[in-house]
Amino acid sequence: MAYEIKYYSTAKKELVYLCETYGQTFTAELTEWLKFLAAEANKKDSSASIDVLEFFDDVERLSDTSWKKQWERFCNATLLEKLRAIKVVLTKRCPPWEMRYSSAHFRLLGQIPHEVDAFYMIDHTKHQIIFARIALGDGGA
Amino acid sequence: MSDLTQQHRVINLDSFKHFFPSDDAFNQFGQAFVQAMEFDFRPIVHNDRIIGSTLSAEGTKEVLYGRIAKRISEKPEILDELVDRIENDDIVD
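Protein chains in written order, with this note's numbering: chain U, 10 to 150; chain E, 437 to 529.
In short, the hints are calculated from the structure, not lab data.
Any given hint could turn out to be false.
[To be verified] Pairs of lysine-lysine, DSS-like flavour, derived with a Cα cap of 25 Å:
1) 91/U - 52/U
2) 506/E - 91/U
3) 96/U - 53/U
4) 511/E - 91/U
5) 497/E - 52/U
6) 96/U - 453/E
7) 497/E - 53/U
8) 52/U - 96/U
9) 135/U - 44/U
Bear in mind that the values here come from a model prediction, so they are computed numbers and not experimental data.
Construct all of the structure, not just a fragment, from the sequences and the given hints.
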């Protein structure tokens, strides 16, 4: 069963802006995608998204190894500080609860291929998926 | 069939079942397709034209890891935004 879709208020404003700006087809496809993520929210093995906290843990664990050479910009001190700050916010919440990230391509105004990113919380106790950020990513398919 | 299978964001092989002469033929095609999807970046060709390539579940995860790393490294303030929203925003419908 799909989880109920909710939004942090700023993310809701982002969603409304994107839908008002980029047309009906984009709006329909984006809405379907959010529903799809809600339907996948209770699947532990879903490959439609990644666990953000797990990703952050990997970054911290690998930041002193060869990964650092490949992701030097990512592993700079400022970013790691920000990352640790959000980890504190995330980890103090009670499980079963998780934060996930997903991304997909859409056509803006029915023509221009573009990524859209979504960061969202999943509250398994309330069967809710709460979008925290919905924004355009890179252009191109 | 769930509602999601009707949506074009998801390609569900079941929606092509009516092209096959029997359930058995469709199931054999399905098994072959699943095996083909086990390896990343195998070109998918139709009428001598490459229409895309395979991406396994594991490969999809790697792509998402790359995207989130790129996004946050290019715009680290995303993390501050997320903290602020989680801590201060109302949750709305």
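Proposed proximity, residue 91/U with residue 511/E (alpha carbon, max 25 Å): Distance of about 11 Å is within 25 Å: holds.
Hint consistency between residue 52/U and residue 96/U [alpha-carbon to alpha-carbon, up to 25 Å]: 23 Å, holds
Residue 497/E paired with residue 53/U [C-alpha distance capped at 25 Å]: 13 Å, holds
Satisfaction of hint between residue 52/U and residue 497/E, Cα-Cα up to 25 Å: Holds. Residue 497/E to residue 52/U sits at ~15 Å (cutoff 25 Å).
Straight-line alpha-carbon gap residue 91/U to residue 52/U, limit 25 Å: Violated. Residue 91/U to residue 52/U sits at ~29 Å, over the 25 Å cutoff.
Given hint residue 44/U paired with residue 135/U - CA-CA distance at most 25 Å: 17 Å, holds
Pairwise hint evaluation, residue 53/U against residue 96/U, where the allowed Cα distance is 25 Å at most: The given pair, whose Cα atoms are some 21 Å apart, holds under the 25 Å limit.
Agreement of residue 96/U and residue 453/E with the hint, judged by alpha carbon distance not exceeding 25 Å: Status violated; Cα separation ~46 Å.
Hinted pair residue 506/E and residue 91/U, Cα distance within 25 Å: It holds: about 15 Å lies between the C-alpha atoms, which stays within 25 Å.
This entry does not satisfy hints 1 and 6, going by the numbered hints stated previously.
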